[in-house]
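Undergrad: Sequence:
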Amino acid sequence: MKILESIGNSLRRLFGGGKDRKTGGAVAGETKIDTAVLVEKIKAGELFSNLPDGNIAGMLSNMETVKMANGTVVIREGDEGDYYYLLTKGTASVSKKGKESGKSDIVASLSAVTGFGEEALISNAKRNSTVTMSEDGVLMRLSKSGFNDQVKDPMVSWLSPAQAQQHINGGAKWFDVREDAGSASGRLRGAVVIPLSSLRGSLGDVDRESEYICYCDNGRLSSTAAFLLMQKGYKVFVLRGGLKALERTRSS
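For the sequence shown, this note's numbering assigns the number 12 to the initial residue and increments by one for each residue that follows.
List of simulated lysine to any residue pairs, SDA-like, C-alpha gap at most 25 Å:
#1 Lys155 to Glu88
#2 Lys246 to Asp164
#3 Lys243 to Asn135
#4 Lys255 to Ala173
If you're looking for bench data, these hints aren't it; they were derived computationally from the structure.
Keep in mind that this is a model prediction, so the values were computed, not measured.
Please take these sequences and the hints and turn them into a complete structure.
TA: In structure tokens, the structure reads:
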């Protein structure tokens, strides 16, 4: 109950007094949100199904509300990812450019309460579609740093080099996600090798029954890879500090 009250307070701060931090178009009227319904819809999505209520409260408290007018482009295909969005009122269309024609076609529609925009944040990739408001509406948005702090990082399990080696001795496998993994030095024995940029389309042959420890040079790429793998149902950890930390441990 205290968590729900905390979330409710977060939403009241966001929507209270009818004031917006940002305005994406002239839209009249106040927005009222049922806290319990919003939380239920958020947790129903695959992205947040295992996120503790406390982190959901923290996420919502760091979001800003943005009123958007009909026809406003929220995210554009090819742009860098800067925010995660929750559509809390209104509808929007999703369009993609055809590979051959180059023309944008509508491929999906969104209605409240729906989240979007996480893929570019998780993968550190460019936006793969355009989202345009189909009518006046309201969005809540969370910055990339807030998304990492409140959503991605809390869901990633880190292991020290010593802990990781214990898992490897127990049957876990290394997972090299460096972008130059195919040619880079330092590959660990028996590692699965798939660069982060190719991860989404290359999981068909990766055994779901195994446990994996993702690594890169310093832990940044591997934490993103681990989050993606967890979304697909893999049991995965991250080597804290990456290969640099492992090398320091082995040389000491």
